[in-house]
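Participant: Read off the chains here:
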Amino acid sequence: MITIIRLAALVACVGIVVSAAPPAIRAIGAIPLIFVLPGYALSLNAVPRSADMATRAAWTLGLSITVSVLLPILVGSAGILVSPQMWLVGLVTVTLVGEVAARLRPSVPQLQLSRPRARVPMRTAAFLAIAATIALGGIAASYVDADRRAVTTATQLWMVPGTGGDVRIGVMPYGSGGEPLRLVIDDGSTRREFPIAATGATFETTWPLAADVTVVQASLYVGDSSSPIREVFHRVDP
Amino acid sequence: MGRGIVGMETAAAPPVAQATPRFTALVARLGLTWVPGLALQTAGAFFLVSLANMGARAEAPWAEGLFWLGLALLYVPVGLALLAGRMTRSEVIGAIVILGVGMFLCEAVTYPLGPASFDELLHTRTAQDVIESGRLFGSNPLLPVSPYYPGLENVTTALRSLSQLDLWPSSIVVLGIGRVLFMLSIFLFVEAFATSSRLAGLAALVYAANPRFLYFDSQFAYESLGLPLAAFVLATVAMRSRQGSSRLELPAIVLATLACVVTHPVTSAMLGAFLVLWTVARLILGIARRRHRPSPSPVLVALFAVGAAAAWAFLVAPPVLDYLGPPVTRATTQIIELVSGEADTRTIFQSASGEVAPAWERIVGLGSVAVLTALLPFGLLEAWRRYRHSPVAWVMAIVALGYPLALAGRLSPLGAEIAARTPEFLFLGVGFCIAAFLTRRRSPEWRSWRWSLLVAGAATVVLIGGVIVGVPRWARLPGRYLVSADARSLEPNGIAAARWARAELGPDHRMVGDRTNRVLMGVYGHQEVLLANNSRVNLSAFYRSFAFGAPQRRLVAEQRVQFAVVDLRLTMLLPTVGFYFQKQELDAGSPITPLRAAGLGKFDTEPLLDRVFDNGEIRIYDVSSLGQPVSP
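Here the protein sequences line up with chains A and B, keeping their order. If you count the first sequence from 1, you need to add 1 to reach the working numbering. If you count the second sequence from 1, you need to add 676 to reach the working numbering.
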């Protein structure tokens, strides 16, 4: 009966993982598939079924991690690439082999000890739930705070060689205090100015390299300022 | 085994004093066991640490105080509860697992958005490569040895592939589960030979106070998974034959040993050494007593661990010999010179950039060492008295004796680096010995509030002092940008520049830069950054010279450098870790000098170069033409 429950869990985990659910949901299936089921199935062959919960948990986690560490090395040596399919097939195979071996090898020495029924009193569960909520709150608060501060503020200006005798020039404005930007491109014979929104989408243009051009320079200005805040240049090989 | 152990505990371990009656009565009246109460308290303490991190990001003056308070509240109550001795075996296990996970989360929320420490970024590159190419053992320009020890990356890739979570949250889950395994394994290992769950719990508690546990061994780096696997192997070997065994038990242990070997070179070497010592101790004790002792034999696992680690290093991962060999050789030389009085000593509590720790930190840091050093002889005596017939207890005592030796190593510059990498191993023995002392037969009355206060104070000093000794001030909490300061140097503009490089220049260009931008370009830009750990690549001279001379042009030509990253902020401050570009700057013998603006200005005056990117702080130059032969 317990074997059936474990196999049902395996099927459920595989079902969740191969579904089109969001990653957070798929992780709910992937975590037991990676960290519990293979190790538990293998541990049935290595330690007595009467082992206490801590010993069983350690064997389960330890062997599961062992499987995930060694599996890609094993299949990689056979020329198989590491991919989601490889993981799915590999982990399911290891789990099933462990289960079948445990069924076929019932001779693992057993200690006849009564096993306590796992019961969690209501108050204990409530305390643990509050603790988990507080911990999750701490994680969420840290994440939101760090995310709020992780703002790119430095406007980017670039100039890279193009494919057809030209250069590509781009601006990614990450904010300049609300003031508009001006992009000035000058190759010695031609000079053009482009207005750039202070924030928003990337601005890109191409600039043809005329035969007599030696240097193309692009400068970015804030408002009417005469001092550029960014400068890039491309020197043409003579 | 659990019941067997508890039974043995009654015989071997002394009866312990009662917990504070009032508190016990309160716990009973609430219908609770220890675990939910400790979980609640740990969650509260963790929340304080989270608030401290938020405060530190805003540069609030109270952040550091709140951080220490949170850490103390996380650690001390668990210690007092374990000392009280009223916990069942399950509760002890629950308490130490909660403590371990709580301390792991404290690291995880310091920089919750992505890999932040230097080592995390190096291993992130390896994991990215495995995901993108589907192949192991590729090349990692940031840490060439990393792809040859892909254990952590393999497990993380499994979760990433199956769940489609991003790499970073996948790594957090893997490390969190690894931490659970680690705490369980330490407990089961010590419990198996000490036959006391209380002693095992206290040993795990003392272990958690080691300077590397809070940060270094919680980060996304191979040691963070290597240690749990090594502890798991030790626990399974120690538990063998205790409750009957299967013919498949030994193969399972061997597989776990192999997993440890392919995960982290140093940990697997330490595991092999430990198992060999265990085998030798067992042999000596067996011969001395002329009788068979029913302790499990580690000999087969020891032989396999040593053979597999050596075979992997020599046959599969030769770069590890270049990676680990020179530092060990240099440290040994320095320690010999130190003993003979020929070497310069290192000033402790002073960072490479000259920042001196405040007086209270120096006092608590030294106090932490003093408490542990003072307790160690008593612990060794107690271990001798109660466990001298146990081979593994002998090995644990030998490991513990390494702690004072490592302290001596901290007085030389490179010895300090080596010594700083040993606590995660030495504290296994230190934890056992001190736990043996704390659970001795004539224990003090722990219910006395004076003793509780003393123990709480000592535990606070040990934990906080350990963090002070093991983690530089600037690395404990987030804060404003610093030059060459690992996580404190990683900021959104630098990351955006690296992402731009990947999008606009394409991946895998040969690139040079300072320590921080190199790693950003390697990870977020996926560039083939130049490895700067050997004397042939003198990046410091490349950037510091006021003009591009023959050595700089030769470097570009020989190393096929295409782009150079110039970070203008480097001229603002001294490097926090002691160097801007490569460690060879430290070996030069003279104090590091600030980077001159003229050194960076040459990139604009050199007529052959293009400036392809500018964000005001970071500029990227196309320097490939520097390496071309000059036409006559």
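Bear in mind the hints are in silico, worked out from the structure with no lab data behind them. Do not rely on the hints blindly, as some may be mistaken.
[What the hints assert, rightly or not] Some chain A residues flagged as far from chain B (calculated, every beta-carbon gap over 12 Å):
#1 5
#2 6
#3 211
[Stated by the list, open to error] Partial chain B-side listing against chain A, Cβ under 7 Å, derived:
#4 857
#5 1027
#6 1129
[What the hints assert, rightly or not] Covered stretches of chain A, going by a simulated chain B footprint (3 or more residues, C-beta under 8 Å):
#7 23 to 34
#8 63 to 77
#9 139 to 147
#10 192 to 199
Beta carbons: idealized from backbone N, C-alpha and C, even for Gly.
Participant: Which numbered hints are broken by the structure, listed smallest first?
Facilitator: 5, 6, 10
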